[in-house]
Amino acid sequence: MSAKPPPADAKRADFEVLYERHSREVWAMAYARWMNADTALDIMQETFLRLWKQLEDGESIRNPRAWLLRVARNLAEDHAKSAFRRNGTHPPQTMNGVPAHQPLPLESLEREETFARLREAMEQMPKADREILTLRYALDYDTGEIAEILSINAAAVHMRLSRARQRLAERLKAQGVGQLP
Amino acid sequence: MSVVEPPPPQRGDELDDLLRAFFRSQLPQPWPRWQDRRDAGPLVHRIGKGRDLMRSRWTLAASVALLLFGSWLLPSRFTPDAKPEHGPNGLMITDKPRDMLKGHKKPKFDEDKNKPGLAAEEDEQAPELEESDMPMLR
Chain B
0 MSAKPPPADA KRADFEVLYE RHSREVWAMA YARWMNADTA LDIMQETFLR LWKQLEDGES
60 IRNPRAWLLR VARNLAEDHA KSAFRRNGTH PPQTMNGVPA HQPLPLESLE REETFARLRE
120 AMEQMPKADR EILTLRYALD YDTGEIAEIL SINAAAVHMR LSRARQRLAE RLKAQGVGQL
180 P
Chain D
0 MSVVEPPPPQ RGDELDDLLR AFFRSQLPQP WPRWQDRRDA GPLVHRIGKG RDLMRSRWTL
60 AASVALLLFG SWLLPSRFTP DAKPEHGPNG LMITDKPRDM LKGHKKPKFD EDKNKPGLAA
120 EEDEQAPELE ESDMPMLR
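In order, the protein sequences belong to chains B and D. Numbering that gives the first Met the number 0 applies: residue 0 is where the first sequence begins, and numbers increase by one. Numbering that gives the first Met the number 0 applies: residue 0 is where the second sequence begins, and numbers increase by one.
Just chain D, with the same shape it has in the complex:
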């Protein structure tokens, strides 16, 4: 009587064994009964959901309050009639920038009082286009 040795394990068999062992280690043992899961799980789930809901509601309320406060605060700061506040040394905080603007721009604007400043600049700088300058339009 001859003893037949089993064939050496193939790569495929090893992979099967590996996958079976892996998934066996992953499957919950013993498998939870519904009663167990229902008693333990959903309560935690519901508490979590409730907390999330409250947190999102508070966030929404805070966001709306911030938006309303901001919309009330900002227009009162930027109304055209509002006078700028004075700085700590008695000067107006916005004096310097205005003076700087005056020094550079105002004489130029005064040269042609009929035209607004920017429009006058654009008219001076933009030459009229000749037809030959626009080959794409032909």
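So here's chain B without its partners, still in its complex pose:
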């Protein structure tokens, strides 16, 4: 194995491959923590900036996927400390309830209402439940892929997913959410 550091173009190519492969997973992890798409994008971006710095400094990362997910989780937790300062007394989700200037069609309104209730229900669930649901439904990952990313076995994924869905269904039922509009 040569001790020469890879040239800049090769580094760049490696980095872009990693971004294509894992950026959605990183986003999903951050989204599961905050339930906010923009915040998740910011965290994802910061995670990959740190990866780029590591590569630029010539640091070797044995398992980039695990490294990225760990950094994303840490950044998501750090974000909690500064969230109050940035957003004041209202969480960013408050903005979801602010009506748009243009009146929406009835169907869209019903859909948004249902999604708002779903989001509310998910926010009350444990983080582990949100993670597994995000991976399953946002990224369409199967049991094996979820098991790999969460470092648990397939049976545990199956059980956790089943329980998370059951808990979510109960919460939605309690909120009076019927079916998808």
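Hints in this document: simulated from the structure, not taken from any laboratory. None of the values given here were measured: they were computed from a predicted structure. Every residue gets a Cβ at the ideal spot worked out from N, C-alpha and C, and that includes glycine. Take the hints with a grain of salt, since some may be wrong.
Partial list, computed: chain D residues near chain B (C-beta under 8 Å) [unchecked claim]: (1) LEU14; (2) LEU18; (3) ARG19; (4) PHE21; (5) PHE22; (6) LEU26; (7) PRO27; (8) TRP33; (9) SER70; (10) TRP71.
Distance ranges between label pairs, derived from CB positions [unchecked claim]: (11) D:PRO29 with B:GLU76: 43 to 51 Å; (12) B:LYS172 with D:ARG23: 45 to 53 Å; (13) B:ASN62 with D:ALA64: 47 to 55 Å; (14) B:PRO6 with D:MET53: 31 to 39 Å; (15) B:ILE60 with D:PRO74: 36 to 44 Å.
Given the coordinates of chain B, work out where chain D should sit on it, guided by the hints.
Below, chain D without anything else, positioned relative to chain B:
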């Protein structure tokens, strides 16, 4: 040939559909390329960080200055030799409270000059405890 109707949707299927639709609405479309994000995002990020850093430095400097000013100002006001300032009507601002204290306390302190006032009061008020008064110590 018989037409088999699909089974009615179950609660679980509805939940799957709902979750898929919800997460589809949340995922950024199209997914941002790295180049796009790098050009737009980090600059804003860095400016924000720089502002925060400057603000925190100014706050720290102001706090230290206030602390130093306060530590310089306060001892000069409370030195034992410093004479109290006169009020607007010519009386000393602190005369009244001192006079009031004199009227109530001083005669009592003068009764026993060997003892300090408070110690004398404590000695008078605190009776000696008998052994029977302290059952817990037995």
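Verification of the hints:
Taking 8 Å as the C-beta cut-off, the interface hint given for LEU14 of chain D holds, the closest approach to chain B being about 5 Å. For LEU18 of chain D, the suggested interface contact is upheld, since its CB lies about 4 Å from the closest CB of chain B, less than 8 Å. Restraint check, ARG19 of chain D versus chain B: the minimum CB separation of about 5 Å is within 8 Å; hint holds. At its closest, the beta carbon of PHE21 of chain D sits 5 Å from a beta carbon of chain B; the interface hint therefore holds under the 8 Å criterion.
Residue-level restraint check for PHE22 of chain D holds (minimum Cβ-Cβ distance to chain B is 4 Å; threshold 8 Å). Given the 8 Å rule on beta carbons, the hint for LEU26 of chain D holds: about 6 Å separates it from the nearest Cβ of chain B. With its C-beta approaching chain B no nearer than about 6 Å, PRO27 of chain D sits inside the 8 Å limit, and its interface hint holds. The beta carbon of TRP33 of chain D comes within 5 Å of a beta carbon in chain B, closer than 8 Å, and the hint placing it at the interface holds.
The criterion of a C-beta within 8 Å of any C-beta in chain B is not met by SER70 of chain D, whose closest approach is roughly 30 Å, and the hint is violated. Annotation: interface hint on TRP71 of chain D violated; nearest CB of chain B at approximately 33 Å, more than 8 Å. In this structure the supplied range 43 to 51 Å is violated for PRO29 of chain D paired with GLU76 of chain B, their Cβ-Cβ distance being about 29 Å. Our hint of 45 to 53 Å for LYS172 of chain B and ARG23 of chain D is violated, since their Cβ atoms are close to 23 Å apart.
Between ASN62 of chain B and ALA64 of chain D, the C-beta spacing of about 50 Å keeps the proposed range 47 to 55 Å intact. Taking 31 to 39 Å as the suggested C-beta distance range, the pair PRO6 of chain B and MET53 of chain D conforms, at roughly 38 Å. Taking the beta carbon of each, ILE60 of chain B and PRO74 of chain D are about 57 Å apart, not inside 36 to 44 Å as hinted.
When each numbered hint is compared with the structure, violations occur for hints 9, 10, 11, 12 and 15.
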